[in-house]
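Novice: Protein chains in written order, with our numbering: chain A, 1 to 108; chain B, 1 to 115.
The calculated BS3-like cross-link candidates involving lysine-lysine, where the alpha carbons are at most 27 angstroms apart (straight line), are:
(1) Lys92(A) with Lys57(B)
(2) Lys100(A) with Lys57(B)
(3) Lys100(A) with Lys9(B)
FYI, nobody ran anything at the bench for these hints, they're computed from the structure.
Read off the chains here:
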Amino acid sequence: GQNIDQPTEMTATEGAIVQINCTYQTSGFNGLFWYQQHAGEAPTFLSYNVLDGLEEKGRFSSFLSRSKGYSYLLLKELQMKDSASYLCAGQKYSTLTFGKGTMLLVSP
Amino acid sequence: DSGVTQTPKHLITATGQRVTLRCSPRSGDLSVYWYQQSLDQGLQFLIQYYNGEERAKGNILERFSAQQFPDLHSELNLSSLELGDSALYFCASAGMEWTGRYGYTFGSGTRLTVV
Chain A
1 GQNIDQPTEM TATEGAIVQI NCTYQTSGFN GLFWYQQHAG EAPTFLSYNV
51 LDGLEEKGRF SSFLSRSKGY SYLLLKELQM KDSASYLCAG QKYSTLTFGK
101 GTMLLVSP
Chain B
1 DSGVTQTPKH LITATGQRVT LRCSPRSGDL SVYWYQQSLD QGLQFLIQYY
51 NGEERAKGNI LERFSAQQFP DLHSELNLSS LELGDSALYF CASAGMEWTG
101 RYGYTFGSGT RLTVV
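Here chain B stands alone, though its shape is the one from the complex:
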């Protein structure tokens, strides 16, 4: 157990729907990162939050949004889902705003299947 908790582990939904993925960072970590991993694209950075504020944005679609709450857990909202959004979504946490030499600790991921 890495200490980063993601729920749900699996999600199957239909095209056009909206889902919310949840992440609780490791105790004491203030930074939360969201990544999408598909077979052909590898791990793609979506967005980072630090202590409740957005810090960096990657290749996140406008249909996707995220936030980090005062208790530091984070949610990734995916709307108007398309078949191509099927992927593994990872949350990772880090102790500081910068990754430093320890990098991230990843959660076990949410496997999203859009049918």
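Chain A extracted, bound-state conformation:
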């Protein structure tokens, strides 16, 4: 199977750092994506990992461990506009399988 698990909700304070974890069954995926989705809007691409390690892009970083079936998205210097759902997605050839998303609420 290709189940993807991530926490349902997280809360954090403006200016803080938050880590959103994602676990998946190790067989089947050849890449891992993170998307951001504001309520009622389209998901937008944040990051992609195909090799183990950390990919940094501005305030957002993503980490992948293929042997452990584990990824995380790290958001630094949180802003109110970061309140959104964060979707972890496993890539297998031409399709992405999404987790149910983690709703992040950033408070002042």
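Using the hints provided, position chain B relative to the given structure of chain A.
Specialist: Chain B alone, transformed into the frame defined by chain A:
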């Protein structure tokens, strides 16, 4: 604007009816994907087309069908609609048959409400 156009944005229809959702991919993209998003299930992959041909199938019901036309736009047909089909339907496009490192570009979705 992502470049992926979906119409209509909202659709309200009765149970048992049939609707067609339309998607125009980003210029130059050959792959089109359809996803259904409901509150309890998250984003569920339905079907993929590449350059007019079906490439992959996910959890698509037999009541649902899709096609991609020579101009690369795609339509998702939903028939014998049930209350449980109420959801956001997203179309996404990609440049290649494989998603590569850039993933998909999503349209803004069609919100379907079945009453």
